[in-house]
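Participant: Each chain, letter by letter, is given below.
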Amino acid sequence: MNQPSLNLWVIPLLPLIGAAINGLFGRRFKNAVVSTVALLFTAASLVWAVHAVWTLWPGGDRPYIETVATWITAGSFSAPFGFYLDQLSMIMVLVVTGVGFLIHVYSVGYMAHEGGFYRFFTYLNLFMFFMLTLVLANNYLLMFVGWEGVGLASYLLIGFFFQKDSAANAGKKAFIVNRIGDFGFLIGMFLIIQHFGTLNYADVFGKIASGHYTPELGWGLFTAIGLCLLFGATGKSAQVPLYVWLPDAMEGPTPVSALIHAATMVTAGIYMIARSHAIFNLAPHALEIVAIIGCLTAIFAATMGITQTDIKRVLAYSTISQLGYMVLACGVAAYAAGIFHLMTHAFFKALLFLGAGSVIHAVGGEQDMRRMGGLRKKIPITFWVMTAATFAIAGFPPFSGFFSKDEILGAAFHNHFGGPVLWVIGVITAGLTSFYMFRLWFMTFFGEYKPGAIDEGEEAHAASAPAHVAHTAASHSHGHADDEAHGHGHVHESPWIMLAPLVILAVLSVVGGWVGIPQFMSGGQNHFEHFLAPVMESGPPTSTQAAVPVTGNDTISTHAGPPSEENAGQEWLLAGTSVAAAVIGLFFAWLLYFKRRDLPGLIAAKIHGIYLLVLHKYYIDEGYGAIFVKPLLALSTVVFWHGVDQGIIDGLVNGAGSTSKGIGNELRRMQSGNIRSYAAWVAVGGAAVVAIMIWLGVGK
Amino acid sequence: MDTTTFIIVAVIKIAIVVFIMLTGVAYTTWLERKLVGRIQNRWGPTRVGPFGLLQPLADGIKFILKEDMVPDSVHKGLFILAPALALTMSLISIAVIPFGGDITIAGHTTALQISGITHAGGGISDINIGLLIILGVTSIGVYGVALAGWSSNSKYSLLGSLRASAQMISYELALGLSLVGILLLSGTLSLRGIVEAQIIGSEHPWLGFLPHWYIFPQIIGFFIYLLAAFAETNRIPFDLPEAETELVAGYHTEYSSMKFAMFFMAEYVNMFTVACLASLLFFGGWHGPTIPALPLLLQQLLPVLWFAIKVFFFIFLYIWIRGTLPRFRYDQLMAFGWKFLLPLAIANIIVTSFIVAWRG
Amino acid sequence: MIIHQILFIIFGIICVAGAVNLLVQRHPINSALSLVVVMASLALIYLLLGAEFVAAIQVIVYAGAIMVLFVFVIMLLNAGSEERTRGSHIAFFVGVPGVVVLAGTVAWLLIHSGGQLGSIKISASDFGNTQDIAHLLFRDFLLPFEITSVLILIAIMGAVVLGRKES
Amino acid sequence: MVPLSWYLILSAILFSLGVFGFLLKRNIITIFMSIELMLNAVNLSFVAFANYWNTHPAKLASGANVVPLSGHVFVFFVMVVAAAEAAVGLAIIISVFRTRETLNVDQVNLLKL
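First to last, the protein sequences are chains A, B, C and D.
Numbered per my numbering, the first sequence spans residues 1 to 700.
Numbered per my numbering, the second sequence spans residues 1001 to 1360.
Numbered per my numbering, the third sequence spans residues 2001 to 2167.
Numbered per my numbering, the fourth sequence spans residues 3001 to 3113.
Hints are supplied without guarantee of correctness; some may be wrong.
Pulled a few chain C residues facing chain A out of the computed Cβ check, cut under 10 Å [to be verified]:
no., residue
1, Val2096
2, Pro2097
3, Gly2098
4, Leu2109
Okay, derived cross-link-like pairs now, DSS-like style, lysine-lysine, Cα gap no bigger than 25 Å in a straight line [said to hold, decoys possible]:
no., chain 1, residue 1, chain 2, residue 2
5, B, Lys1339, C, Lys2165
6, A, Lys377, A, Lys450
7, B, Lys1076, B, Lys1062
8, A, Lys630, A, Lys172
9, B, Lys1155, C, Lys2165
10, A, Lys377, A, Lys595
To be clear, the hints were calculated from the coordinates, so they are not data collected in a lab.
In this text, all values refer to a predicted model and were calculated from it rather than measured experimentally.
Just so it is clear, CB atoms sit at the ideal spot from N, CA and C, and this is done for glycine as well.
The shape of chain A in the complex, shown without the other chains:
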């Protein structure tokens, strides 16, 4: 179809220009100029993205593929600078640019008093560039560029307060853990290259769609690719076992946490799995593992979230948990539901983080919820938007979270592989989510405002917890006290430049789910799913469907499929159950943190062992430290540092030096200062040259 070029390359390029301007000249600009530049280019990117989506909306040729330039050509393999816009990347690009823009606006207010203002916006714009590259790329390699780039931006922004050791360490941790995941992604790409000879989506999926690859022919290959990609996704999207970096990433400024570590970057893994659904569809075992990992992450992180007292850490674990949901959705082949949840999550989690930022801003840099309370009256707008977000994430209808979560749970229930089990875990997670979110809500906004207070639970915890763990927690809770100290004592509402994005996001959190009201409720079709359907079914449904009887029970269905009329009752039941779980969570939170505030301490004392286990995040960090980091460190120290580096490499270098020195010392005797002896050497050299020329027969 002939359509005008959309110039998709402009979308990522605009933030890059902004980053370049701010990065190169920002030091000399005033803050107003820096923020104007950053916002202008982000807004332009948003406008361009909307324009592109709008152009394609009424049934344009999708996917729209645009190749700007050849990047790498090696033999038959080539990876272009190409961009790819289909329904999936439309949603992603809108979420990224939209939420990104709002967070940029928010940041102008939030970062107003921080040092390195220009640096912050440079990094933020740089992040936008890479993220947009990631979602718009038309091949895995370019996606990987974005993938690595957002990792870089994330590293830079987590370590934004680099004067602080904990921030710098958190940055390094994020980077290194991500690298481990990237390794999997890379291996996956290599496998794709080896077997498909290309990394372009269109070609890879086209080859799969051509039907040469039936599950039994290539299930080993596809499982391997799928697992490798999944490993990559666990790194980027903070899934078990590589989730450990995300809580620490909260060291970054709060808008960063909102943008990168909640709304956009961490969803890259989900996007990647959804993008590769054609591969996963052919790898049922890989999908099973995806589902298991998602499920595990969801419940695991939810339990850890219960005990956290740092407001941002609660949200961080919540993010991990919600990401687990999305991975679960992918694992049960409900990619559309996963993406749907991704979108709604982007709205309400960004809102939660920004709201938390606003709260932190209001109480002067305090992040420990135990020192908050009763803020409902003092910062009413923040309270209301936080309320909307909390209800959204907890899954109360008609907030957006309800619809997306319900989609996932419904799909999980219908999954062939352990459907009910997954569903039960999902529902429990939903209840836990509701519980800890309302815990946050109650602790922050209700009760008495008690700056400086430490309740009994904390004392008990401090008394019993090992000292170094306490130190970690304390360093986090006081994290921004130094840097974000703008006016202790007086609690005040944030400026409108911060509140405006909050309000917009709040509206989105409320209504964002309505685009995907399931069929059994609305009676019509699920618009969101319908919208995404062409992409998600661009795989070979016929072949997979045909494969079902061959492979038997273990095979997946590509999609849970719209439930039939008879199942509507069951669907209502499932939805009701999840709402009930949310309500139960709300009730317990109200009971423990509003009605009987002494209870949490008692319970913690009662089940002290479990409490400590959860409080210390199941000692996963310590376990990793003992199993991987320390042996690696020891190995590096003994073998690579002392052995290879000092012994072999330094030995070679120093040996080369001392050898040449020795040779030079001997050859120095040749330099007698006697011209005639020099001439003798010249003569010998000339003789040698002539002899060699004759020997080789030059000129014959």
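We have chain A already, so just place chains B, C and D on it with the hints.
Facilitator: Same frame as chain A, but now just chains B, C and D:
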């Protein structure tokens, strides 16, 4: 012409030319003494023969008969070699100088030039690079002076020869460059060719009466040549190498009898060479009025007369200047050569080549 | 043209004799004069080859200017006979064999395959006359020619700087 | 009809003698003269080859004709370089003699560690 005849004719020509040249040299000394005497208001040689005409002969006999002294502690080989080298080199120059057209004696036609060959069908060809050979031989002549001074193992000699070699190298540049204008105009290095170019050009005289001699377009080149030639021949006012008031007698202080005579002759032969060259290059060589009424032999010899007259004019000029001008100081000499003559010669070349190029 | 061969042999022998004399003589002025002899006879060999311009400038530039400069410097420095010093062992034990090998290989090569090269015919045409060289020099080789003039200029300045007495 | 190899042999002999002079002579001026001898030896082969190519027309690898006369031009350039070299070299010799008061190269051996 077969090789034997060629050799015989060449030997005859060489003998005649050398005889005339040496006689000329001898009588130039007489002329010089006479003229300088007159300039200085005295008689000059008068005792030997009428007007002292036999004086050169007497001098020659004296030189030959005097004891040939070789001082101790000289470098003997070079001490003997040096005067011979000087005279040889000056005489070699004569070999390429044409004195006229050709001459027919007893049915044999030959060129009035040692290195010239007359072709059977008429026309004469001489050596293509005659001018270059003269320059090269002149430059070799420096060795005579330089070695003489050095081998004498005497400070005056050494200083004289140092001065001589520096002076001759310096002025050789100006000398060579002053001739480039001529070469540009004539387009040949052959001396005969240059003269013939002037003769042929004279069929259309400048301004209707001036012969087409290169003195007129190359007046600057001519004066540069003249000055450089004076320096090359170590004549006053550039006779610093043998400045008797400073260096006793310069490079030939230690020489006596026939060896001294050889230097003496070399200097006068060089004067002749330079004078011949000046006549050939700037004054049309043997070009002059022809008298068709004369017998063939005389007709053929008439150009030689014109040439001799022109050469005599330059010899006279040499002597005249010797009797008139004082000697330069050494730094003046070097400055004059390097800072005045050389740039002027280069400017002359540039202007000439522009004009030549402009006229196509 | 047996006469050419005879003349070549005569001048060649003079050349080699001069060069040997250059080595044998212990006083630099004798060596310099030997070199002048070599150059003069080379000029005659050039004339035999019909290269009259090259022969002329060989005499004018080499024998008449460069060697005069050498003689001048020898005279100026009043250089005496070569001293007998214990020279460089390397020059004797490495350099001389090296040169012998060099000369040996070249000689072997020339003797072995020199016959294939054929002879030089001295054509009656005026090959190597001044005009042709001038055409080549001022047209095809104009740039190198100008560059060498710059080289000469630099050499002059270098000589002046080196020769100037420290004030 | 002189064989080309005669010229080349003469050239080689002169060149080797030059090298021997360079190696064996002690006086710096003589050494310098040996260099001039080597240059002259090379010039001889240039001129010989110029004549040779004149009577044996040949083509270069690039397909262009060999210009025989360029041998003469090379000789011209060699002479120019030799002249420049002599000017500078002799100036160096003079300044060396001024400071070291010797022309013996074995005694001018400061050029070492």
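Participant: Hint by hint, note whether the structure agrees.
Facilitator: Cross-check of the supplied hints:
Among the interface hints, the one on C:Val2096 holds; its C-beta lies about 8 Å from the nearest C-beta in chain A, closer than the 10 Å criterion. The criterion of a C-beta within 10 Å of any C-beta in chain A is met by C:Pro2097, whose closest approach is roughly 8 Å, and the hint holds. Proximity of C:Gly2098 to chain A holds as hinted, the smallest CB-CB distance being about 4 Å (cut-off 10 Å). Because the closest C-beta pair between C:Leu2109 and chain A is about 6 Å apart, less than 10 Å, the hint holds.
Distance hint between B:Lys1339 and C:Lys2165 is fulfilled; the C-alpha atoms sit about 21 Å from each other, no more than 25 Å. Between A:Lys377 and A:Lys450 the CA atoms are separated by roughly 14 Å; this keeps the pair inside 25 Å, and the hint holds. With a C-alpha separation of about 23 Å, the suggested pairing of B:Lys1076 with B:Lys1062 holds against the 25 Å cut-off. Straight-line distance between C-alpha atoms of A:Lys630 and A:Lys172 comes to about 16 Å, which keeps the hinted pair within the 25 Å bound.
Restraint check for B:Lys1155 and C:Lys2165: the C-alpha separation of about 23 Å stays at or below 25 Å, so the hint holds. This hinted pair checks out: A:Lys377 and A:Lys595 have alpha carbons roughly 19 Å apart, not beyond 25 Å.
No hint from the list above goes unmet by this structure.
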